[in-house]
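Novice: Okay, here's what each chain looks like letter by letter:
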Amino acid sequence: MSILKIENLKVNVNGNQILKGINFEVKSGEIHAIMGPNGSGKSTLANVLAGREDYTVTEGKVTYMGKNLFDMPSEVRAREGIFLAFQYPVEIPGVSNANFMRTALNELRKFRNEEPLDAMDFLQLMREKAKLVEIDKTFLNRSVNEGFSGGEKKRNEIFQMAMLQPKLAILDETDSGLDIDALKIVANGVNKLSNENNAFVVITHYQRLLDYIIPDFVHVLYKGQIVKSGTKKLALELEEKGYDWIKKEIDV
Amino acid sequence: MAGELINNILSNFNEFENKLNGSKVSAVHIIRKDAFDKFKQFGFPTAKDEEWRFSNPGFINKFQFELCLSGNDEKISQEIVNQYKFENLDEHLLVFVNGFYSQRLSDVKPKKKQIIIGSFADAVERNSVDIIKYFGKFADYNQNGFSALNTAFAQDGAFILIPDGTVIERPIRLLFITDAREKSVLTMPRNLIISGECSQFKIVENNHTIGSLPSFNNPVSEIVMDFSSNVEYYNIQNNNENSYYVGTTQVSQQRASIFTGTTITLNGNYIRNNLNSLLEAEACETNYNGLYFVGGNCFVDNHTLIDHAKPNCNSNEIYKGILNDKAHVVFNGKIIVRPDAQKTNAYQTNRNILLTDDAKIHTKPQLEIFADDVKCSHGATSGYLDRESLFYLRSRGIGEEMAKTLLLNAFASEVIEKINIAELRDMVKSYIADKLIKDDVYFCDVLDQLK
Ligand SMILES: Nc1ncnc2c1ncn2[C@@H]1O[C@H](COP(=O)(O)OP(=O)(O)OP(=O)(O)O)[C@@H](O)[C@H]1O
Ligand SMILES: [Mg+2]
Chain B
1 MSILKIENLK VNVNGNQILK GINFEVKSGE IHAIMGPNGS GKSTLANVLA
51 GREDYTVTEG KVTYMGKNLF DMPSEVRARE GIFLAFQYPV EIPGVSNANF
101 MRTALNELRK FRNEEPLDAM DFLQLMREKA KLVEIDKTFL NRSVNEGFSG
151 GEKKRNEIFQ MAMLQPKLAI LDETDSGLDI DALKIVANGV NKLSNENNAF
201 VVITHYQRLL DYIIPDFVHV LYKGQIVKSG TKKLALELEE KGYDWIKKEI
251 DV
Chain E
1001 MAGELINNIL SNFNEFENKL NGSKVSAVHI IRKDAFDKFK QFGFPTAKDE
1051 EWRFSNPGFI NKFQFELCLS GNDEKISQEI VNQYKFENLD EHLLVFVNGF
1101 YSQRLSDVKP KKKQIIIGSF ADAVERNSVD IIKYFGKFAD YNQNGFSALN
1151 TAFAQDGAFI LIPDGTVIER PIRLLFITDA REKSVLTMPR NLIISGECSQ
1201 FKIVENNHTI GSLPSFNNPV SEIVMDFSSN VEYYNIQNNN ENSYYVGTTQ
1251 VSQQRASIFT GTTITLNGNY IRNNLNSLLE AEACETNYNG LYFVGGNCFV
1301 DNHTLIDHAK PNCNSNEIYK GILNDKAHVV FNGKIIVRPD AQKTNAYQTN
1351 RNILLTDDAK IHTKPQLEIF ADDVKCSHGA TSGYLDRESL FYLRSRGIGE
1401 EMAKTLLLNA FASEVIEKIN IAELRDMVKS YIADKLIKDD VYFCDVLDQL
1451 K
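In order, the protein sequences belong to chains B and E.
Mapping the first sequence onto the working numbering, position 96 (from 1) lands on 96, and the numbers just tick up by one.
Quick note, the working numbering runs 1000 ahead of the 1-based positions in the second sequence.
Only chain B is shown next, with the shape it has when bound in the complex:
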């Protein structure tokens, strides 16, 4: 079943065209990896899908679960199951992780016409998921990402993903800045969640992540376009040879 279908997507930021006609489709049960040099538009694509407002879609179409994605504001996309693990998660002083997740979860339940979780059940769920990504319980009382180390912020993203159980998770460089143990924890979080009915888009610079999260497809994004698609082998090739050979192919 098709979860996400992107057709000829063109996006401007401050008058500059960043995405120049993206096409790809994600079906349920699949894991896609997106690689590509810095500044090629990977985060832009991820943010457009999550509904950030600074972008102008000038052309193309994105269908999520049979619906026009651009008809939905950001929060509705999230409630329909889209999750973005941010490349740079923001710090929100004064809002505790616990309160944040409880609000998010209850908004989701309200959307599905379910009763809000009571405080006890919620806390239990939160403890369970915290264990999964091996974050300390004291994190939950702390303000969202405030004073978290780079790696802790990334793990917090995976914790949130585990809490919200999305249908389509987009991970934007969640592996960057992680030590090898943390990398395994993050990969484990993804693998536990992954099943026949959901899908992942994993943006990364490093093939080592793909040793733990095995992608079905690897795409190379360059200058706002997907210039090459392949299997896991493509990632190994990139690791070995860098991007120069692809750039040469395209730029001529």
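Each hint should be verified, as a subset may be incorrect.
Stated by the list, open to error - Restricting the straight-line Cα-Cα distance to at most 20 Å, the calculated cross-link-like pairs of lysine to aspartate or glutamate (EDC-like) are:
hint	chain 1	residue 1	chain 2	residue 2
1	E	Lys1109	E	Glu1423
2	B	Lys241	B	Asp251
3	B	Lys232	B	Glu53
4	E	Lys1062	E	Glu1241
5	B	Lys184	B	Asp216
6	B	Lys27	B	Asp216
7	E	Lys1404	B	Glu146
8	E	Lys1404	B	Asp54
9	B	Lys232	B	Glu30
10	B	Lys110	E	Glu1401
11	E	Lys1085	E	Glu1423
12	B	Lys184	B	Glu152
13	E	Lys1404	B	Glu53
14	E	Lys1075	E	Glu1182
15	B	Lys192	B	Asp181
16	B	Lys110	E	Glu1400
17	E	Lys1109	E	Glu1091
18	E	Lys1404	B	Glu91
What the hints assert, rightly or not - According to the in silico footprint, chain B covers these stretches of chain E (three or more CB under 8 Å from chain B):
hint	region
19	1390 to 1397
20	1401 to 1410
Just so you know, the hints here were simulated from the structure itself, not pulled from any lab data.
In this text, all values refer to a predicted model and were calculated from it rather than measured experimentally.
Glycine included, C-beta positions come from ideal geometry on N, C-alpha and C.
Given chain B, work out where chain E with the ligands should sit, using these hints.
Specialist: Quick look at chain E with the ligands alone, frame taken from chain B:
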């Protein structure tokens, strides 16, 4: 018409003096007369006065305010008072109607004889030495027409004297009810609060106007703090859209005393808070915490002054604000560090969030430092809600309104959490929740709920 109120006031003073008979020559009345002369000299301030530049009190000429020269609580029922009670709060309650003490409506719990929680008028009546010693000695009436006017007509208000070594657990609440059902009234309560050596207590001031006519409250409080005493003073302002308020609180701190002034402003038409502390001896601590969350056409001006006169004192000042609609806010925080006041630590911050383009903020830190070995800092910011944070919350399925609520609550909580009376804190939280959204299910922290 300009000057009409002043003309009335001139004849009011004659009327007032005539009813005084014998006590016309008392020590208290000498001060009143002096203050009245000062008032006649400068009248009310205008926007031409530097301290009133952004806070022109033009309303005084707009309405026919009538000064209340005597008290009458007959028309205030117990139900009205109950409306302003805090749930579950065990307190000493002093109720004033149009600035005059009402014994019938007040509820002062049993206490030791030496402790005085009562009315200013009673203290004047029995020639209290403290009144003679302190009245008019701290709140300067030589510069400010409003203070001069209050001093000239000082008759009633709260008189609180907590003797040496006494700790009062119950908050002392001053509930000022202004009755604007039949006429536009001007009230001028006068409070004198004295903390003995090592005493400790908390005071909560509320002003509520009933009726829809304009009302004008012009209170002055003098707080005189002895060695090592600790006073928390809360002013929770949530009055109606036709209420005008110019309040002055002057604190005088002796050695090692700690004063904490918390001012929460949620509604009113025009609110000017003058909060001043003079740190007259060493090792004092002064904390000012302020939060204003206002909308409509509300005007709020927090004018604060912390005057470090002696060495080794600390002051911390934090004012935060959320401005909606066409609210207009002024923050003027003056800190003086006099030549003597070495080793002073003085910190000030003022942060504002504007929810609309029509809201206006004037923020002005004023540091006047005449000593060299001091640590002082100030910072002021004004801006809109952080877009990155909003997007982050929304990307987790949290609706825009709810996301704003979370962020604003987080912003305000830094000040709210400093309120040391749980019932008062809860009430402020619920006022704020009401202002944000009606549905406050998610509002209290989940971990709090489990405690
Ligand atoms: N708000 C913005 N204003 C102007 N330019 C922007 C804005 N956001 C992104 N860009 C530009 O768009 C291009 C693509 O940026 P993007 O963040 O999508 O790259 P990326 O592929 O995620 O890079 P990296 O691997 O470094 O994370 C860059 O040239 C960037 O400078
Ligand atoms: Mg990026």
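Novice: Next step is simple, just say for each hint if it's right about the structure.
Specialist: Do the hints match the structure? See the list:
{"no.": "1", "hint": "E:Lys1109 - E:Glu1423", "in the structure": "holds, 18 Å"}
{"no.": "2", "hint": "B:Lys241 - B:Asp251", "in the structure": "holds, 17 Å"}
{"no.": "3", "hint": "B:Lys232 - B:Glu53", "in the structure": "violated, 33 Å"}
{"no.": "4", "hint": "E:Lys1062 - E:Glu1241", "in the structure": "holds, 15 Å"}
{"no.": "5", "hint": "B:Lys184 - B:Asp216", "in the structure": "holds, 19 Å"}
{"no.": "6", "hint": "B:Lys27 - B:Asp216", "in the structure": "holds, 11 Å"}
{"no.": "7", "hint": "E:Lys1404 - B:Glu146", "in the structure": "holds, 18 Å"}
{"no.": "8", "hint": "E:Lys1404 - B:Asp54", "in the structure": "holds, 18 Å"}
{"no.": "9", "hint": "B:Lys232 - B:Glu30", "in the structure": "holds, 13 Å"}
{"no.": "10", "hint": "B:Lys110 - E:Glu1401", "in the structure": "holds, 15 Å"}
{"no.": "11", "hint": "E:Lys1085 - E:Glu1423", "in the structure": "holds, 11 Å"}
{"no.": "12", "hint": "B:Lys184 - B:Glu152", "in the structure": "holds, 14 Å"}
{"no.": "13", "hint": "E:Lys1404 - B:Glu53", "in the structure": "holds, 16 Å"}
{"no.": "14", "hint": "E:Lys1075 - E:Glu1182", "in the structure": "holds, 11 Å"}
{"no.": "15", "hint": "B:Lys192 - B:Asp181", "in the structure": "holds, 16 Å"}
{"no.": "16", "hint": "B:Lys110 - E:Glu1400", "in the structure": "holds, 15 Å"}
{"no.": "17", "hint": "E:Lys1109 - E:Glu1091", "in the structure": "holds, 8 Å"}
{"no.": "18", "hint": "E:Lys1404 - B:Glu91", "in the structure": "holds, 15 Å"}
{"no.": "19", "hint": "1390 to 1397", "in the structure": "holds (count 7)"}
{"no.": "20", "hint": "1401 to 1410", "in the structure": "holds (count 6)"}
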